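> If you read the protein sequences in the order shown, they are chains B and W.
By the UniProt record's numbering, the letter at position 344 of the first sequence is numbered 344, and the numbering carries on one by one without gaps.
By the UniProt record's numbering, the letter at position 28 of the second sequence is numbered 28, and the numbering carries on one by one without gaps.
What the hints contain is simulated information worked out from the structure, not anything from laboratory work.
Treat the numbers as computed from the prediction; the structure is a model and nothing was measured.
Once the Cα atoms are required to be at most 27 angstroms apart in a straight line, the calculated BS3-like pairs of lysine-lysine come out as:
hint, chain 1, residue 1, chain 2, residue 2
1, B, Lys100, W, Lys176
2, W, Lys143, W, Lys233
3, W, Lys176, B, Lys56
4, B, Lys131, W, Lys280
5, B, Lys69, B, Lys100
6, W, Lys280, B, Lys100
7, B, Lys131, W, Lys176
8, B, Lys26, B, Lys69
9, W, Lys176, B, Lys69
Cβ-to-Cβ under 7 angstroms is the rule here; a few derived chain B residues that face chain W:
hint, residue
10, Leu51
11, Val101
12, Ile153
Cβ coordinates follow ideal geometry from the N, Cα and C atoms, glycine included.
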Amino acid sequence: MEVRVANVRKEFERFPALHDVSLDIKSGELIALLGPSGSGKTTLLRLIAGLERPTKGTIFFGEEDASQKSIQERNVGFVFQHYALFRHMTVADNIGFGLKVRHGPTRPSAQEIRRRASELLDLVQLSGLEKRYPAQLSGGQRQRVALARAMAIEPAVLLLDEPFGALDAQVRRELRRWLRDIHDATGYTTVFVTHDQEEALELADRVVVMSQGSIEQVGTADEIYDTPNSPFVYGFIGESSSLPVKIEDGQVWIADRPIGLSAPQAPQGEATLFFRPHDVELVDECNGCIAGTVAASRRVAGTRRVELEIGGERQRVEVELPVDHPAAQKSRVAFRPRRWKLFPAV
Amino acid sequence: MTTAPAKAGWRFRQPSVIPGFGLTLGFSLAYLTLIILIPLSGLVWRSAALGWADFWAIATDRRTINALEISFGTAFIAAAVNVVFGTIVAWVLVRYNFPGRRIVDAMVDLPFALPTAVAGIALTTLYAPNGWLGSLLAPLGIKVAYTPLGIVIALIFIGLPFVVRTVQPIMEEIDKEVEEVAATLGANRFQTIARVLLPGLAPAIVTGFALAFARGVGEYGSVIFIAGNLPYKSEIAPLLIVIRLEEYNYAAATAIAAIMLALSFVMLLVINLVQTWSRKRYG
Numbered sequence: 001m002e003v004r005v006a007n008v009r010k011e012f013e014r015f016p017a018l019h020d021v022s023l024d025i026k027s028g029e030l031i032a033l034l035g036p037s038g039s040g041k042t043t044l045l046r047l048i049a050g051l052e053r054p055t056k057g058t059i060f061f062g063e064e065d066a067s068q069k070s071i072q073e074r075n076v077g078f079v080f081q082h083y084a085l086f087r088h089m090t091v092a093d094n095i096g097f098g099l100k101v102r103h104g105p106t107r108p109s110a111q112e113i114r115r116r117a118s119e120l121l122d123l124v125q126l127s128g129l130e131k132r133y134p135a136q137l138s139g140g141q142r143q144r145v146a147l148a149r150a151m152a153i154e155p156a157v158l159l160l161d162e163p164f165g166a167l168d169a170q171v172r173r174e175l176r177r178w179l180r181d182i183h184d185a186t187g188y189t190t191v192f193v194t195h196d197q198e199e200a201l202e203l204a205d206r207v208v209v210m211s212q213g214s215i216e217q218v219g220t221a222d223e224i225y226d227t228p229n230s231p232f233v234y235g236f237i238g239e240s241s242s243l244p245v246k247i248e249d250g251q252v253w254i255a256d257r258p259i260g261l262s263a264p265q266a267p268q269g270e271a272t273l274f275f276r277p278h279d280v281e282l283v284d285e286c287n288g289c290i291a292g293t294v295a296a297s298r299r300v301a302g303t304r305r306v307e308l309e310i311g312g313e314r315q316r317v318e319v320e321l322p323v324d325h326p327a328a329q330k331s332r333v334a335f336r337p338r339r340w341k342l343f344p345a346v
Numbered sequence: 001m002t003t004a005p006a007k008a009g010w011r012f013r014q015p016s017v018i019p020g021f022g023l024t025l026g027f028s029l030a031y032l033t034l035i036i037l038i039p040l041s042g043l044v045w046r047s048a049a050l051g052w053a054d055f056w057a058i059a060t061d062r063r064t065i066n067a068l069e070i071s072f073g074t075a076f077i078a079a080a081v082n083v084v085f086g087t088i089v090a091w092v093l094v095r096y097n098f099p100g101r102r103i104v105d106a107m108v109d110l111p112f113a114l115p116t117a118v119a120g121i122a123l124t125t126l127y128a129p130n131g132w133l134g135s136l137l138a139p140l141g142i143k144v145a146y147t148p149l150g151i152v153i154a155l156i157f158i159g160l161p162f163v164v165r166t167v168q169p170i171m172e173e174i175d176k177e178v179e180e181v182a183a184t185l186g187a188n189r190f191q192t193i194a195r196v197l198l199p200g201l202a203p204a205i206v207t208g209f210a211l212a213f214a215r216g217v218g219e220y221g222s223v224i225f226i227a228g229n230l231p232y233k234s235e236i237a238p239l240l241i242v243i244r245l246e247e248y249n250y251a252a253a254t255a256i257a258a259i260m261l262a263l264s265f266v267m268l269l270v271i272n273l274v275q276t277w278s279r280k281r282y283g
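Can you make the complete structure from the sequences, with help from the hints?
Take a look at the structure:
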């Protein structure tokens with residue numbers, strides 16, 4: 001189902017957690033809410049679920065205004081970071097819970113509920129564990145049960161709050177792929193919250209980057225990574241280096257030297273230059289380039305990361321060099337960013 | 001790696017490399033023996049001196065049976081009532097923040113601290129036919145003081161903190177997310193409480209029940225004031241023991257005590273087994 005968040009504001013005891021957030025989620029989409037802690041991503045998820053009421057604004061499920069509905073009526077599947085399984089129920093009873101609490105004719109027979117539960121267990125690859133109790137499962141297995149339980153009610157939307165946050169790295173990567181497969185197989189509109197950008201970029205159709213209670217950018221992994229629209233997104237997603245610069249005559253200047261980048265569209269004056277440490281071109285002759293003294297050099301996996309001090313202000317930036325590049329031995333390195341972006345100085 | 005042949009015979013499993021097991025187990029056994037086992041075995045020994053026929057005569061005496069019925073019956077009812085209301089009190093204290101919460105919280109412990117005789121006298125004054133509450137109930141034909149109902153009320157008073165204090169800490173640990181998940185799955189408030197919250201609290205509630213029940217069976221001070229102590233009607237077993245003692249009939253007193261001991265032990269054992277079972281199940 002389509003979900004539309006329209007101009008939602010949320011305050012907790014006068015403290016604003018979300019300012020005027022709007023977001024359209026397409027039917028069947030897998031969308032990630034990504035941001036540092038305190039960015040409001042979990043609040044937004046809980047608002048969609050109905051676990052919180054917006055201070056202002058509306059949330060639509062399809063054409064219907066869901067803000068007026070209770071949590072029970074919204075029919076959302078919610079998965080918590082710490083699973084929140086019912087400890088005193090078997091796996092099968094956990095999964096069947098949402099069907100068992102229904103009233104009247106909408107409630108399937110006990111036999112049908114059992115059948116659904118074992119069908120869902122097959123889907124989450126835990127066949128045969130119906131009779132186990134949550135305490136007898138591993139973290140990854142518990143989270144699969146929690147997801148199966150959420151899907152049992154055939155939810156309008158599936159909402160996952162840091163679903164893999166409590167699991168170790170190995171299981172996490174595994175479950176990530178598995179969640180993608182489940183999503184492709186079932187087609188539920190899914191929103192998940194994460195602070196792990198790798199998870200968001202790899203898994204989601206679209207990523208919503210949030211910061212300080214606002215949405216910074218919404219886009220595919222490529223859009224977010226290649227064309228960040230704000231200094232926050234540039235800094236938050238992937239590695240980045242930044243330098244204070246000056247724009248004059250359509251040229252980018254550091255101190256009193258042009259660095260060989262032309263920016264005819266940029267307004268005159270102070271600005272900040274952003275680039276990716278791995279996306280630079282080393283130059284021998286510094287004829288319009290950025291040059292700096294090597295302050296530190298670290299070997300990181302397949303590359304060498306060099307920290308440079310630039311200019312009189314000794315601004316530090318990082319660039320990545322191939323491991324065997326001769327420049328790594330030198331005390332001065334000159335380079336020019338291949339891809340870069342200017343943002344007005346704050 | 002080769003495994004050493006299993007040593008013949010039975011031995012302790014090494015509990016941990018950190019020392020202390022031998023010392024603490026030895027201390028516990030010595031302590032329990034001194035404080036509990038020796039007095040109780042003295043009791044059994046004294047009543048055994050009575051001879052089987054005499055013992056049986058005392059045990060099947062109408063007055064003894066009635067006293068035991070009243071003691072165990074009223075303690076059971078009072079503990080059951082306390083389970084319901086004690087759980088509600090604990091819920092209110094854990095879940096809601098209201099002015100005076102700390103005071104209410106402290107009040108729960110008063111029955112622990114108050115001399116039981118004071119409680120008994122206060123309750124009797126209240127529920128006597130001419131007392132504040134008794135005079136209101138009298139026209140309705142409800143007699144509280146000097147009846148088993150009065151005993152139940154005194155035992156409810158005495159047992160309340162046991163239930164509240166055992167349930168409260170477990171309730172504090174309930175994860176709010178579990179309730180939220182139940183709500184998103186469509187469960188209404190009643191279903192959430194009945195199917196999700198209460199089963200999780202069951203072991204603690206059973207413990208609270210056991211403690212309140214055990215306390216009620218042994219309670220003497222508060223009950224004798226309100227009970228009226230009519231033989232066959234509102235006479236509790238502990239009182240009967242005291243009466244026998246005052247008659248210098250030590251054998252009969254110890255016999256009744258031994259019967260109470262056996263009954264209490266069996267009931268607490270059963271409750272303990274129920275608990276172990278539910279703990280194992282619900283992890």
